[in-house]
Amino acid sequence: MRDVYILGVGTTRFGELWDSSLRQLASEAGLKAIMDAGIYAEDVHALYGANTSGGQFVDQEQVAALIADYSGITELNIPSIRIEAGSASGGAALLQAYLAVKSGQYDTVVVGGVEKMTDVPSDVANEIIGGSMDAEWETFFGATECSIAALIARRHEYEGAAKRKNYAIFPVIAHKHASMNDTSHFKNVIKIEDVMNASTVAEPLTVFDNAPISDGASAIVISADKKKIKDSPHPVRIKASSAANDFLSLHDRQKIDSFKAVKKSTKTALGLAGLELGKIDAFEIHDSYSIASLIQMEELMGKEAIRMSEGDEFYFNSSTPLNVSGGLKAHGNPLGTSGLYQAVEATIQLRGKAGQRQVKSPSNFLIHNMGGLGTTSVTTIIGVD
Amino acid sequence: MSSIVSYGSYVPRFRIKTEEIAREWGDNPEDIKNGLMIYSKSVPGPDEDVLTISAEAAKNAFKRVDLDKKKIGAIYVGSESHPYAVKPTASILVEALGLPYDIHAADYEFACKAGTAAMQNVMAMVDSGQIENGIAIGSDTSQGAPGDALEYSASAGGTAIIIGKNGFADFNRTLSFTTDTPDFWRREGAKYPNHGGRFTGEPAYFKHILTAAKKMMEKESTKPSDYDYAVFHQPNGKFPTRAAKMLGFSDEQVKDGLLTPYIGNTYSGSMIIGLSAILDKAESGDRILAVAFGSGAGSDAFDITVNDRVKSIRRERAPSTMELVNRKIWVDYATYVKYRGKIIMRGG
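Chains A and B are the protein sequences, given in the same order. Just so we're aligned, residue 26 is where the first sequence starts under the working numbering, counting upward by one. Just so we're aligned, residue -14 is where the second sequence starts under the working numbering, counting upward by one.
Hints may contain errors.
What the hints assert, rightly or not - Label pairs and their calculated CB-CB ranges: (1) B:204 / A:222: 39 to 45 Å; (2) B:72 / A:225: 45 to 51 Å; (3) B:233 / A:151: 33 to 39 Å; (4) B:175 / A:258: 54 to 60 Å; (5) B:307 / A:149: 36 to 42 Å; (6) B:30 / A:90: 55 to 61 Å; (7) A:256 / B:210: 55 to 61 Å; (8) A:190 / B:312: 45 to 51 Å.
Keep in mind that the hints were calculated from the coordinates and are not lab data. For each residue, glycine too, the CB sits at the ideal point set by N, CA and C.
Extracted from the complex, chain B is given alone in its bound form (with noise of 0.2 Å):
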């Protein structure tokens, strides 16, 4: 059975508050914190990007665990913001991670869960006994249009899990459910994405994400009581608070996995990210529903049991998932538009 051998994160520090955003659009603060359930979200430097954060996140998890490098047999990284369209982050990875070059390596993408697409690929090479350990990747620095609702949560981070045989914490079963929901997308070429509003939340997000889980439950014959967390795909606060009371989870239950708030929605970072401020404090036994949404759309669950193994990896090695959430230098919005490459500079 695959298992998580190790986890890490990365969260850029600059955070950019509802407020400023506001101030700017002329929108009410409140009406979007009330609405969105998000009050400030990272902003990623202007030297950093998906594969920085990538390569911080892999660093993080490699710190925790004595793994030898060249049992990792292969790395695959979801994101829709690859710095290149055609090049791909993985192979940058390889070299900058110090793998070996026998390793499997791709880039993927499936809008908000190409990194646990990425994650369900490791666990199938490493169940089928193709690989000893791989890496699966979520990372994202994502686009929202200026003035667009987007501005307001699409933020950068992103989490890389290590997954292998005898890990701390054990995949009982994955499953994913799949539809052609055209929620939100960004053409070839368009520099932001296009969404369909309040189309993207019950034909779309509710609708795949309270499947998957049910399908999980259903198949695992547990009932939300059995866990003692749940972490869902995070677009907004509101979304997954809502998700969850649906199922019948409690505020105790998401609360730990709930950053988006604080950081924004990163995308193919987001659920991992949750996952990971989970796997920080979780203790032998403790089990955990966790269920990442893409658009387009499709959702991907898992259902993880933390074993005993979890005494003997060096949590402490690596930042926290809250430490990074916490770590942040306020900017403004001109200094936000800058870092994005949101102005126009000489030559284009």
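Next comes chain A alone, as it looks inside the complex (with noise of 0.2 Å):
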């Protein structure tokens, strides 16, 4: 089958941007990720949207239609397709669009996300979010997705080889990343006593292990057109995307602090990208909750990963660059739109463009999109070749 590159990417700013729509946020990601392709919109054959909950946030559904719309690409009656996967719904679209232009069906598509929260009080907008959760089993008693999130962390400090402090670094790195991006929803510099003494959530989980409520949308165009790759003068390539699912209900699962389905979908992009894990430069993963980032790195990298929360590694200058765009916690967290932007940010550092917080030199970014708390887990590996 054919190889499938990003040839243009594009992004608003992450934050509460109280003054712009849904419409709006999408139409300028994806007029961006179109200018930066250099293509013209006859070009495009089918257009993706992802879209976590526009129709409780803001009451529109048929999202790709609209943002189709409004990116004045309607008239050329192409394909326009809402893909959900919860807060996967990014990375989910991102697969979607790749495997139908790898199978040959479409040369070149664009893929957007977007997410307007900040429509809607935040205590709704917690609702919302409890969607992605199991509605009978969960959200009717009161669960909310933090406090999931939190059972997840006591019975993983439980268990013995991880403490707080193990994942309470994770929203500190986020910080030192989102300072150094200019489209970050926080730009401010965190200690780890900060994250500790925060208000609490649900315990042990504080505001600042959560990642925010944000407005955004991110687009790339991908393309297996030979001639506008040849053209274009960074495409980096895809080279695996694959997905996975657990158990919605945390209480289906056999091990509550596991991620099975990041492994599962990691093990199986790897291997379609011919990658061992150490060939691996740069991770996005999606760090919603702090706990949660330490057991998907625990995932890929079992026990070591904890050893690594204590010193430097994960810094974008250190041996394991992770979340180097500033993550969701800190560069921020529009459900949808959350792993389009990983992809963003992966092919700006793949191009070297990163300024302040480049990675130096990487060959393979790895990107983990998942949603709710290990539900679905979308991994994609991008790379130059």
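Got two chains here, each in a separate frame; can you build the complex from them with the hints?
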């Protein structure tokens, strides 16, 4: 099958963007990606739009059709399909678009993700975020996503290997990286004490263990068109993309403090790319909660991740750069957008255009986008040839 | 040039602590105190409302100056908790305060800046020569739904400002900044207000307060260090503290006017009660920047300079604002809900 490349990327700033609507955000990111790719609207054969909960946040379903409308490409009558997989919507849309191009059905596709979360009060936003959980067995009984993350954290500490500081460190790393990224929701640098002493959301997790409620959109243009790839100044290749799932409800899982889907999707993706984990130069993972970061890294590299959390190894200029964008925690977490911003960041880094936070000559980025807490995993490997 | 002839405040004596409200709702009081910078708030007694608070404040203002009440030509009362939806508070005050019937009287509403909107209109009438003196009042018994974050802040109190010529503090300038920003509202007939959570911050409070303050300093060619005091609308302790810092004012300049940490947000009274605490101690030559904010949204800014006539105003004849703040009887949550009419009684 054909090789698929990312030709262009575009993103809005992430944050509380009070003056921007869902459609404005989506078209801004989409048009930036098309311009970055140096192609014309007529070159686009399909549009995949990732969005988690537009219907609840802003009463808007059919988000992909709306994006096509406001990007001025509806007259081409190309298919515009929304993909939803909770907060893994971005990664899932990327996977679907990648498969469609790889199969030969389409040559060039735009994949965009958008979420407009701040038009509702934060308590309503939290209820909507809970929509990615089991409505009958979890949210009905009062669970929120953060409370589930807190259960996982407590269990993980009880199991013995990890302590509070081993996951409280991830928001600190994220904020450091976000401070060097112009599109970040947060640009302040924090200390581990700030994380541990902040207001409690669900014990032991504080506000700093949680990714924020953000508005934002990101988009990429992917293509297998040989001429376009040749003309592109910085093509980067999607070497593999793979998804896996686990039980939706936490209580159905044999072990609640592990994410089996992460291990499976990553193993499959590495196999498809023909790469060992050691060949990955940097990681963008789904740090919606600090404890989720630790467990994802443990799924990837075992208990070694706990030891690494105690040193400086996850910083952008160290051995295992992690969430150099600032991650969902500090760059922002507009749900359906997160997986696509990960691809944008990987592309910028692989082009060597990340400025202050540039990872030293990376060849391969592993990005992991997650729906809920370990329910859906999408691992994508993006690299240079 | 119009000026402040006298001023008076009133704060109900009942107080409830942040810890007591937090205990009832299972919140961590330290989180609330750190987040909002509110330690207690005033609670109106069962026989207190915007009318009684306004009357007490106006009486305190009249005590401080020998002024013939016949020379009062206007009374405007700003509040978002007038006792009647239709029936003016101002007309009852005319009678209660013994003011002449040949008087302009009306109730004002602009969320938390209705009192300062009233001040601006009295100033305009004095400046135009239409009246000699007028009274502007901002007072509230504000509402917060049980369990809502507003319950920690919504409190009661008010201030009356008598404005005329030859007062002891001159208005150098006033200006306003207004946009359609729905950060906080209460629909007709609704018991409690709604708010936009974090939307009440940056795009509402900070945008309007900072713009009005900056425009004032631009028009007056002043900088923060030219003012001896600054007072801002204070929905909690955090917002005005941060706004002052963003504008370049020191803690020293704002501390005397910052009362919300101890009495809560008195809404239409919020900024002007702070101003009254400053007027309690300001001396001739002192310059004050005062900026109110009302949700919905807008800001009124005032640049004020105290003159030599401050020596003739009898401030001691009425309780100082800090005396009103420090005079307190603690109540528990049950008493609080009883006093605030939150208990459904027989017959509805």
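TODO: Against the earlier hints, flag every one the structure doesn't satisfy and list their numbers going up.
DONE: none
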